[in-house]
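J.: Chains W and B supply the protein sequences, listed in that same order. Under the working numbering, read the first sequence as residues 1 to 410, first letter to last. Under the working numbering, read the second sequence as residues 1 to 410, first letter to last.
Think of the hints as simulated: they come from the structure by calculation, not from any bench. It is possible that some hints are incorrect.
For lysine to any residue, the following SDA-like pairs were computed, each having C-alpha atoms within a straight-line distance of at most 25 Å [claimed, not checked]:
#1 K343(W) with R182(B)
#2 K349(B) with G357(W)
#3 K395(B) with S216(W)
#4 K349(W) with T177(B)
#5 K398(B) with R218(W)
#6 K339(B) with S216(W)
#7 K116(B) with Q92(W)
#8 K75(W) with S42(W)
#9 K339(W) with Q185(B)
#10 K343(B) with V93(W)
#11 K213(W) with T394(B)
#12 K395(W) with D86(B)
#13 K5(B) with L144(B)
#14 K398(B) with E301(W)
#15 K356(B) with S6(B)
#16 K119(W) with I81(B)
#17 K356(B) with E302(B)
#18 K343(W) with D215(B)
#19 K356(B) with G32(B)
#20 K395(B) with V254(B)
#21 K213(B) with D141(B)
#22 K213(W) with G275(B)
#23 K75(W) with N48(W)
#24 K343(B) with S42(W)
#25 K395(W) with Q98(B)
#26 K386(W) with Q321(W)
Among the chain W residues that face chain B by a calculated CB cut under 8 Å, a handful are [to be verified]:
#27 R122
#28 N344
#29 T390
Beta carbons: idealized from backbone N, C-alpha and C, even for Gly.
These are the residues of each chain, in order.
2 protein chains.
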Amino acid sequence: MNLEKSQSKKIFVLGGDGFCGWPTSLHLSNIGHDVVIIDNLSRRNIDNELEAGSLTPIQPMGTRLEAWEENTGKKIGFYNIDIAEDYDQFLQVIQSEQPDAIVHFAEQRSAPYSMKSPKHKRYTVNNNLNATHNVLCAIVDSGLDIHLVHLGTMGVYGYGTAGMKIPEGYLDVEVQTESGDRVEQQILYPTNPGSVYHMTKSQDQLLFQYYNKNDSVRITDLHQGIVWGTNTEETKMDERLINRFDYDGDYGTVLNRFLMQAAVGYPITVHGTGGQTRAFIHIQDTVRCVELAIANAPAREERVMIFNQMTETHRVNDLAQLVSKLTGGEIAYVSNPRKEAAKNDLHVKNDLFLSKGLNPTTLDNGLLQEVTEVAGKYAHRADHSKIPATSTWTKEQKPGVPEAKEESSV
Amino acid sequence: MNLEKSQSKKIFVLGGDGFCGWPTSLHLSNIGHDVVIIDNLSRRNIDNELEAGSLTPIQPMGTRLEAWEENTGKKIGFYNIDIAEDYDQFLQVIQSEQPDAIVHFAEQRSAPYSMKSPKHKRYTVNNNLNATHNVLCAIVDSGLDIHLVHLGTMGVYGYGTAGMKIPEGYLDVEVQTESGDRVEQQILYPTNPGSVYHMTKSQDQLLFQYYNKNDSVRITDLHQGIVWGTNTEETKMDERLINRFDYDGDYGTVLNRFLMQAAVGYPITVHGTGGQTRAFIHIQDTVRCVELAIANAPAREERVMIFNQMTETHRVNDLAQLVSKLTGGEIAYVSNPRKEAAKNDLHVKNDLFLSKGLNPTTLDNGLLQEVTEVAGKYAHRADHSKIPATSTWTKEQKPGVPEAKEESSV
Ligand SMILES: NC(=O)c1ccc[n+]([C@@H]2O[C@H](COP(=O)([O-])OP(=O)(O)OC[C@H]3O[C@@H](n4cnc5c(N)ncnc54)[C@H](O)[C@@H]3O)[C@@H](O)[C@H]2O)c1
Ligand SMILES: NC(=O)c1ccc[n+]([C@@H]2O[C@H](COP(=O)([O-])OP(=O)(O)OC[C@H]3O[C@@H](n4cnc5c(N)ncnc54)[C@H](O)[C@@H]3O)[C@@H](O)[C@H]2O)c1
Numbered sequence: 001m002n003l004e005k006s007q008s009k010k011i012f013v014l015g016g017d018g019f020c021g022w023p024t025s026l027h028l029s030n031i032g033h034d035v036v037i038i039d040n041l042s043r044r045n046i047d048n049e050l051e052a053g054s055l056t057p058i059q060p061m062g063t064r065l066e067a068w069e070e071n072t073g074k075k076i077g078f079y080n081i082d083i084a085e086d087y088d089q090f091l092q093v094i095q096s097e098q099p100d101a102i103v104h105f106a107e108q109r110s111a112p113y114s115m116k117s118p119k120h121k122r123y124t125v126n127n128n129l130n131a132t133h134n135v136l137c138a139i140v141d142s143g144l145d146i147h148l149v150h151l152g153t154m155g156v157y158g159y160g161t162a163g164m165k166i167p168e169g170y171l172d173v174e175v176q177t178e179s180g181d182r183v184e185q186q187i188l189y190p191t192n193p194g195s196v197y198h199m200t201k202s203q204d205q206l207l208f209q210y211y212n213k214n215d216s217v218r219i220t221d222l223h224q225g226i227v228w229g230t231n232t233e234e235t236k237m238d239e240r241l242i243n244r245f246d247y248d249g250d251y252g253t254v255l256n257r258f259l260m261q262a263a264v265g266y267p268i269t270v271h272g273t274g275g276q277t278r279a280f281i282h283i284q285d286t287v288r289c290v291e292l293a294i295a296n297a298p299a300r301e302e303r304v305m306i307f308n309q310m311t312e313t314h315r316v317n318d319l320a321q322l323v324s325k326l327t328g329g330e331i332a333y334v335s336n337p338r339k340e341a342a343k344n345d346l347h348v349k350n351d352l353f354l355s356k357g358l359n360p361t362t363l364d365n366g367l368l369q370e371v372t373e374v375a376g377k378y379a380h381r382a383d384h385s386k387i388p389a390t391s392t393w394t395k396e397q398k399p400g401v402p403e404a405k406e407e408s409s410v
Numbered sequence: 001m002n003l004e005k006s007q008s009k010k011i012f013v014l015g016g017d018g019f020c021g022w023p024t025s026l027h028l029s030n031i032g033h034d035v036v037i038i039d040n041l042s043r044r045n046i047d048n049e050l051e052a053g054s055l056t057p058i059q060p061m062g063t064r065l066e067a068w069e070e071n072t073g074k075k076i077g078f079y080n081i082d083i084a085e086d087y088d089q090f091l092q093v094i095q096s097e098q099p100d101a102i103v104h105f106a107e108q109r110s111a112p113y114s115m116k117s118p119k120h121k122r123y124t125v126n127n128n129l130n131a132t133h134n135v136l137c138a139i140v141d142s143g144l145d146i147h148l149v150h151l152g153t154m155g156v157y158g159y160g161t162a163g164m165k166i167p168e169g170y171l172d173v174e175v176q177t178e179s180g181d182r183v184e185q186q187i188l189y190p191t192n193p194g195s196v197y198h199m200t201k202s203q204d205q206l207l208f209q210y211y212n213k214n215d216s217v218r219i220t221d222l223h224q225g226i227v228w229g230t231n232t233e234e235t236k237m238d239e240r241l242i243n244r245f246d247y248d249g250d251y252g253t254v255l256n257r258f259l260m261q262a263a264v265g266y267p268i269t270v271h272g273t274g275g276q277t278r279a280f281i282h283i284q285d286t287v288r289c290v291e292l293a294i295a296n297a298p299a300r301e302e303r304v305m306i307f308n309q310m311t312e313t314h315r316v317n318d319l320a321q322l323v324s325k326l327t328g329g330e331i332a333y334v335s336n337p338r339k340e341a342a343k344n345d346l347h348v349k350n351d352l353f354l355s356k357g358l359n360p361t362t363l364d365n366g367l368l369q370e371v372t373e374v375a376g377k378y379a380h381r382a383d384h385s386k387i388p389a390t391s392t393w394t395k396e397q398k399p400g401v402p403e404a405k406e407e408s409s410v
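Produce the entire structure from the sequences given, and follow the hints as far as they go.
T.: Okay, here's the thing in structure tokens:
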């Protein structure tokens, strides 16, 4: 598992305190990379704002890093920097640490949060676009040849592209020339984002395209599906290393939310009819994909490399049924707070990661159970009032709240 | 020329102190609209920063508006607001004034300025994206049905799309489905912006697409060519109403720069071989197009309406030759500070504005002469040291400065 010394790299993990960033940092450190986390802890501050929190008892960064060193003898660096705001400080750290690669998780990543109010829309746009632009600008400014690995989302594609298998970032099209000939072209997949958050990821793509073209920055953009699961091999080593588990209406993502609802005896809330099909990936595969992306950097003059980072697709209602069968939890159909088609199909290519050696962790009962156990273990920490999805996409829509009734106890 | 009372609208002109915004404000006011300018005067501050300025003696906003009232009896309102920063104030003005339409010119619009340094790149991204997003967010937040007319650029298309006539915003493509069928789709034209500035305009398009889809905001996006000329019927009424004329290496756009260089006896500087083809429009047509865009608002559920706002295309070297023939000015070929193809063709559709009644002002000798006269009249105000294009697209490139030699005097 451990890298050859020559393969060991200095890697910055931006957003390394978050749900994906923390286990990724540990994994990269564990296999022998020299990891430095940069995070402004904004996600923890948002917990304060929402009066919600991780179901699992996550530790402060200091404790996390101490525990990691105690367990493995490895050190991970940490800087508290807002990469959207503190450009000069960020650049200075790049110049002094000279990373080989930067993994960029540091964005506001909740679609419902991005739709909560004008303030939240504006924060998401301002934070995400300036964060990504600052990273690119600083890489060029530093004069170093740094490989940027960015976490994008499957959501940029838009769901339900009639009958088409979603390619990995680029689409083959045929267009007509003035003389009437038809020519084949490959274009960046035309995006159709479903929320202000997803829109910022579409806009990120244009930042990558431009800085790659103008400055030959090496960039890998990972279009990730919805991540489920909580722990990875590394976060299981010590309870102080535990990963966050979001269950509130804004940050809780669909599968984890179902598992948690079942575990605490809250109805499994399906938005609308649950006809939407989504792409999924387990957190263990996320960390492995980032490892593979770092090991397979594009060449200097190559265009932006785009991978679909997902392993399977499921219809939301099927997942609800599965979780219900597994746990005995009851399903509640609530109004969909999002503005989207009631039903869609989704076929996605993910050949690139499979070709690089990804061996997917699939969603079978055993794994689901593992998460249910985590949810069950910490169920007493749940604040049930935070579970409903209260953000709506327009003022006219209703939140995704189940009809008032007695909640069954676990 | 005057509107029927029933057609008169309350119109906000964001960026109404600028090169396009000022004559547009006067024109809209002149034909009977109720105009309110919002501008943070950042363009004048950039003049201070660059130690450059308009060749023409533009007056402070107070004097401009006084002169307008004296000449026409019409009042134009003015608020000094940074729309990228002062969201609450901006929203408040929308709520109290209740505009029918907002014309949005308020962005940093120079490609060379956007490439000057990391600070300038970051300012352009931050200013332009937050400005456009705040406008959209505030329109939705206000609950009013406001038609947004935005000034985009032809530059988003990228130059040199092999043999294809550039459509108005949307491209017909054929894609292959999983079952092997080929289906026709219409997509947002895949952009290929040529600078950080142009990139922000591509990103703006995604903001429009999203807010139109989610909130049914009525939006017209005008993909404008390079504007030339200085004055319009309204700005000619009184010298205090004169429009700005940028001639410096950052803000001077290609045709106006040539005319001015010829007028002051500075070599006509062609970047590279001048093989690039560009789209142009006269400032008089800009103001008329905005008038037409306002009169032809899309319906509430209609997608974003995109017009190509240009009237003719020319190869840069041909323009240099034309200006040289007209004025006797000498041409200097300098290194191209931009990163772009040395040569490209450009064929552009502009049927939409023609169908709405635009009668183009074309670039013939007479008109060029008019601008040369303006440039000649104020030639004594020119600071020759500000003429060369000093911003480069990458650190490796050389600025567009002519070889040192005696400048011929006019
Ligand atoms: N969780 C998912 O299901 C999922 C799915 C697809 C894509 N992604 C993407 O993966 C990335 C990570 O997601 P996550 O679930 O770990 O989110 P998260 O919110 O748990 O983690 C993001 C981290 O970035 C930090 N951060 C945000 N803005 C910052 C700034 N300006 N400066 C410094 N740090 C900043 C936060 O404090 C947080 O620790 C995101 O970009 C997200 O869009 C996540
Ligand atoms: N001039 C051209 O040749 C040309 C060509 C194509 C498109 N355009 C577009 O037309 C628009 C206007 O161009 P212009 O040549 O008049 O530029 P300009 O710089 O002369 O005018 C822009 C005005 O907007 C104001 N502004 C900028 N940011 C602002 C903010 N955050 N808040 C409030 N005001 C702000 C500036 O002070 C300035 O007065 C721009 O969006 C530009 O991209 C211009």
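J.: All the hints need checking, so say for each whether the structure fits it.
T.: Status of the hints after comparison with the structure:
1. K343(W) with R182(B): Cα-Cα ~23 Å, so holds.
2. K349(B) with G357(W): Status violated; Cα separation ~48 Å.
3. K395(B) with S216(W): Roughly 12 Å separates the two Cα atoms, so the pair holds.
4. K349(W) with T177(B): Within the cut-off at roughly 13 Å; holds.
5. K398(B) with R218(W): holds (24 Å)
6. K339(B) with S216(W): holds (12 Å)
7. K116(B) with Q92(W): It holds: about 20 Å lies between the C-alpha atoms, which stays within 25 Å.
8. K75(W) with S42(W): Holds, at roughly 23 Å.
9. K339(W) with Q185(B): holds (22 Å)
10. K343(B) with V93(W): violated (41 Å)
11. K213(W) with T394(B): holds (11 Å)
12. K395(W) with D86(B): Cα-Cα ~23 Å, so holds.
13. K5(B) with L144(B): holds (21 Å)
14. K398(B) with E301(W): At roughly 21 Å apart (the allowed maximum being 25 Å), E301(W) and K398(B) satisfy the hint.
15. K356(B) with S6(B): At roughly 20 Å apart (the allowed maximum being 25 Å), S6(B) and K356(B) satisfy the hint.
16. K119(W) with I81(B): With a Cα-Cα distance of about 18 Å, the restraint between K119(W) and I81(B) holds, given a limit of 25 Å.
17. K356(B) with E302(B): Distance of about 18 Å is within 25 Å: holds.
18. K343(W) with D215(B): It holds: about 20 Å lies between the C-alpha atoms, which stays within 25 Å.
19. K356(B) with G32(B): holds (19 Å)
20. K395(B) with V254(B): holds (23 Å)
21. K213(B) with D141(B): The hint holds at about 16 Å.
22. K213(W) with G275(B): Holds. K213(W) to G275(B) sits at ~20 Å (cutoff 25 Å).
23. K75(W) with N48(W): violated (29 Å)
24. K343(B) with S42(W): Status violated; Cα separation ~47 Å.
25. K395(W) with Q98(B): Judged against 25 Å, a Cα distance of about 19 Å means the pair holds.
26. K386(W) with Q321(W): Holds, at roughly 23 Å.
27. R122: Constraint on R122(W) satisfied, holds at 6 Å.
28. N344: Result: violated, 14 Å to nearest chain B Cβ.
29. T390: violated (18 Å)
Going down the numbered hints, you'll see the structure goes against 2, 10, 23, 24, 28 and 29, while the others check out.
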